[in-house]
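Trainee: Protein sequences appear in the order of chains A and B. What the first sequence shows, in our numbering, is residues 1 to 429, in sequence order. What the second sequence shows, in our numbering, is residues 1 to 429, in sequence order.
Careful, some of the hints might be misleading.
Given that identical chains are not distinguished, each listed pair holds provided it fits within a single copy or across any two copies.
Derived pair list, reagent style DSSO-like, types lysine-lysine, alpha-carbon separation capped at 30 angstroms [to be verified]:
(1) K399 <-> K419
(2) K93 <-> K278
(3) K330 <-> K51
(4) K290 <-> K95
(5) K330 <-> K28
Read the hints as simulated data drawn from the structure, not as lab findings.
2 protein chains.
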Amino acid sequence: MEIEKLFIKRMKELPSDATTPGHRLALKGGYIHQTGSGLYTYSPLGFKVLKNIEDIIRQELDAIGCQEMNMPIVSPLSLWKETGRENIDVLLKFKIRSGMDAVVNPTHEEIVTDYVRNVLQSYKQLPLSPSSLCLYQIQTKYRDELRARAGLIRCREFMMKDAYSFNISWEDLDSFYNIMLNAYHKIYKRLGLDNVIDILAPTGDMGGKISHEFQMISDIGEDTIYICSSCDYRANKEVLTDADAEDILICPKCGNKLKKLRGVEVGNIFQLGDKYTKSMGVSYLDQEGKKQTPIMGCYGIGVSRVFGCLLEQSCDESKAVFNLEVAPYKVHIISIGDEQAKTLANDLYNYLLSAGIETMIDTTDDRAGSKFANADLIGAPIRVIVSPKNIEHGVVEMKYSGLQKQYPDTFKIDEVKDKIIEIIKDNQG
Amino acid sequence: MEIEKLFIKRMKELPSDATTPGHRLALKGGYIHQTGSGLYTYSPLGFKVLKNIEDIIRQELDAIGCQEMNMPIVSPLSLWKETGRENIDVLLKFKIRSGMDAVVNPTHEEIVTDYVRNVLQSYKQLPLSPSSLCLYQIQTKYRDELRARAGLIRCREFMMKDAYSFNISWEDLDSFYNIMLNAYHKIYKRLGLDNVIDILAPTGDMGGKISHEFQMISDIGEDTIYICSSCDYRANKEVLTDADAEDILICPKCGNKLKKLRGVEVGNIFQLGDKYTKSMGVSYLDQEGKKQTPIMGCYGIGVSRVFGCLLEQSCDESKAVFNLEVAPYKVHIISIGDEQAKTLANDLYNYLLSAGIETMIDTTDDRAGSKFANADLIGAPIRVIVSPKNIEHGVVEMKYSGLQKQYPDTFKIDEVKDKIIEIIKDNQG
Numbered sequence: 001m002e003i004e005k006l007f008i009k010r011m012k013e014l015p016s017d018a019t020t021p022g023h024r025l026a027l028k029g030g031y032i033h034q035t036g037s038g039l040y041t042y043s044p045l046g047f048k049v050l051k052n053i054e055d056i057i058r059q060e061l062d063a064i065g066c067q068e069m070n071m072p073i074v075s076p077l078s079l080w081k082e083t084g085r086e087n088i089d090v091l092l093k094f095k096i097r098s099g100m101d102a103v104v105n106p107t108h109e110e111i112v113t114d115y116v117r118n119v120l121q122s123y124k125q126l127p128l129s130p131s132s133l134c135l136y137q138i139q140t141k142y143r144d145e146l147r148a149r150a151g152l153i154r155c156r157e158f159m160m161k162d163a164y165s166f167n168i169s170w171e172d173l174d175s176f177y178n179i180m181l182n183a184y185h186k187i188y189k190r191l192g193l194d195n196v197i198d199i200l201a202p203t204g205d206m207g208g209k210i211s212h213e214f215q216m217i218s219d220i221g222e223d224t225i226y227i228c229s230s231c232d233y234r235a236n237k238e239v240l241t242d243a244d245a246e247d248i249l250i251c252p253k254c255g256n257k258l259k260k261l262r263g264v265e266v267g268n269i270f271q272l273g274d275k276y277t278k279s280m281g282v283s284y285l286d287q288e289g290k291k292q293t294p295i296m297g298c299y300g301i302g303v304s305r306v307f308g309c310l311l312e313q314s315c316d317e318s319k320a321v322f323n324l325e326v327a328p329y330k331v332h333i334i335s336i337g338d339e340q341a342k343t344l345a346n347d348l349y350n351y352l353l354s355a356g357i358e359t360m361i362d363t364t365d366d367r368a369g370s371k372f373a374n375a376d377l378i379g380a381p382i383r384v385i386v387s388p389k390n391i392e393h394g395v396v397e398m399k400y401s402g403l404q405k406q407y408p409d410t411f412k413i414d415e416v417k418d419k420i421i422e423i424i425k426d427n428q429g
Numbered sequence: 001m002e003i004e005k006l007f008i009k010r011m012k013e014l015p016s017d018a019t020t021p022g023h024r025l026a027l028k029g030g031y032i033h034q035t036g037s038g039l040y041t042y043s044p045l046g047f048k049v050l051k052n053i054e055d056i057i058r059q060e061l062d063a064i065g066c067q068e069m070n071m072p073i074v075s076p077l078s079l080w081k082e083t084g085r086e087n088i089d090v091l092l093k094f095k096i097r098s099g100m101d102a103v104v105n106p107t108h109e110e111i112v113t114d115y116v117r118n119v120l121q122s123y124k125q126l127p128l129s130p131s132s133l134c135l136y137q138i139q140t141k142y143r144d145e146l147r148a149r150a151g152l153i154r155c156r157e158f159m160m161k162d163a164y165s166f167n168i169s170w171e172d173l174d175s176f177y178n179i180m181l182n183a184y185h186k187i188y189k190r191l192g193l194d195n196v197i198d199i200l201a202p203t204g205d206m207g208g209k210i211s212h213e214f215q216m217i218s219d220i221g222e223d224t225i226y227i228c229s230s231c232d233y234r235a236n237k238e239v240l241t242d243a244d245a246e247d248i249l250i251c252p253k254c255g256n257k258l259k260k261l262r263g264v265e266v267g268n269i270f271q272l273g274d275k276y277t278k279s280m281g282v283s284y285l286d287q288e289g290k291k292q293t294p295i296m297g298c299y300g301i302g303v304s305r306v307f308g309c310l311l312e313q314s315c316d317e318s319k320a321v322f323n324l325e326v327a328p329y330k331v332h333i334i335s336i337g338d339e340q341a342k343t344l345a346n347d348l349y350n351y352l353l354s355a356g357i358e359t360m361i362d363t364t365d366d367r368a369g370s371k372f373a374n375a376d377l378i379g380a381p382i383r384v385i386v387s388p389k390n391i392e393h394g395v396v397e398m399k400y401s402g403l404q405k406q407y408p409d410t411f412k413i414d415e416v417k418d419k420i421i422e423i424i425k426d427n428q429g
């Protein structure tokens, strides 16, 4: 992409509700536009990041045998009445023109359970070992939140990955739950999200026995987390008794004092048990031909919130830091000065494009400082600067961000193509 | 995928509202499940088809320089008031908890125009030649239809690709409109949708000057189309005066009688002009630094409806026909009889999987007829039958569907792997 053709606006005056660095970066960098309060449009640049995040999640879930599918955003209210959840507060209800009472689904336990009760007949249809099934979708969700906050961190409408497992027993659920927990850590690592820990979480509206949240430790977080430095205990404040009363709490496991931190929830997994499958009448025949009720788990990742978190953990509101898998452009070429530099930049650009590498090029006549500032906002991990001074020395200048390893500050002009390809291969997930 | 693990239900009793062959095939084949009236869940099998359709559309739009982005499903009613469209009948309105009047967007002209007015400043940001911009999204839409019909053909909730172009002049819009019209024909061809014609269409709620519909000629269609056999005139009934009054109409171009057909609308493109950009105050500076209002076009494809149409044009309600690009599985291997056949089938299966080819395998002990019936419903274009009788002759038996060319009925066992890879390459888009 030639930078002058990027359809983007660098906001100069930021709205007063942009109180976090990541929210300001999202607007300054032109990743999102606020269509309404808590309702965002993703620009072509922002959408590339969102898509890359989705693909990483998809690959890791497919790798553990989950199957992608898709459920409607709107559903009959009657399904929610079956489980007694028709009055939870984020549920947007309306009557459709044909007269049916409907809801915009804030989550899909009822919908997936209705689907599964129509399809599941035999244990043979539970393809994972031991007999389990895990269905997931990546979909826009709407929750009628009273207050939107911090851009992509708490929206009314957001992108979510929600997965639902159906298992033959609690033991089986437990083992699948751990497989998913490990997959989640792998996903956050590949996304380049630092400081994500799993903690004990309350089960809330969902019901069920055990729940974990994945929290990115951050001062902008809404959640209060307690962790123990002597043992492995860590939990959401809401799990602990009298949590409202005191600031210093005692670890229920080892008796030591707990440390208080703030976090942003980037995922949440639940052992639901038979709450939904029992009330909605799901059954299958086991190996002995006996009717059984499956045990259920559910597993969410806030896809657009992860995007918001990546912006929050970037350097500051002027510099986006993404790793190579997530970055909207992998390489950003800047030419400074004469035609010779432009020609060299264009040659490298065309080479990288033909190698299938998403590359940004800036050969405009803007001043160098402005070009670097734009590159900072776009966050390509590999930056190449072509200038007359460098050409004189037979080199191009390199800058990196979001990469784990160190690479040279310059490359010889005749080596730079191969070297960039090598760095990209070196960083593949 | 091993067929016994496919999470699917072959419906025996079909609902009484499944009145078209394609709707019955969608339910019998387990592609969709009805969550509510006009509200469908896509099974993992159905979702694969939907995804393949989306990818073809995405590739062809990217090839003509369109940029993918994403807009919210819910938006403030105030945006719709700016263009005076706040009372169109498929608009679902509600008040969100914070008090704002909101709508579920049935289309996104207002939303994209609001986005563009915030970003567009200069003609330089219109990257297509001559200066144009085309933004698109592939997204779930909800329209509060009074009556849902024929499964995926008319749903309340459906998957849509909607694109919006911003051009510097009517001439520029006209030339981009034709580029898009040609891209649409290319898309329908790659999707394997036969009998799609473009016809003159009414502009309706959208406003604007010229509109074309893409209609799949079909007896199950809701639209009445008139075509001339002497000249190139073809139009939706609604374009012609007095169309309600008579069954036989005269072509306004050549004076001959028009032929009446029925069609399913699978796409619709509009030259909107400045209806939205003017009322919502979009402007940019041209090369002379003068303020100009962009001219707009919009371009829709009903993604899930295309899926429905592909099922409608399949042989009958027992056999799905997809081409190689759209098919959920490319190859379907069936072994009949002894262990030797199973081993050979599994060997071929593992080879194709490692070559990255989505393959279904059926080595169950079901009777052959039932296996063939299942394969018919799944619609893999290449079917391989491994049986003791064939092995005796050193061959496997081949069956094909949805391919343009003819291929041999048998392959020698030691050649089959290479031959299948060749057929797949031969059919790549």
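Trainee: None of the hints should be skipped; say for each whether it holds.
Mentor: The hints, checked one at a time:
In this homomeric assembly, K399 and K419 come within 30 angstroms of each other (Cα to Cα) only inside a single copy, at 13 angstroms, whereas the closest approach across copies is 48 angstroms. In this homomeric assembly, K93 and K278 come within 30 angstroms of each other (Cα to Cα) only inside a single copy, at 25 angstroms, whereas the closest approach across copies is 35 angstroms. Both within a single protomer and between protomers do K330 and K51 lie at most 30 angstroms apart by alpha-carbon distance, with minima of 14 angstroms and 25 angstroms respectively. For the homomeric pair K290 and K95, neither the shortest alpha-carbon distance inside one copy (41 angstroms) nor that between copies (49 angstroms) is at most 30 angstroms.
Only within a single protomer do K330 and K28 lie at most 30 angstroms apart by alpha-carbon distance; the minimum there is 20 angstroms, versus 45 angstroms between protomers.
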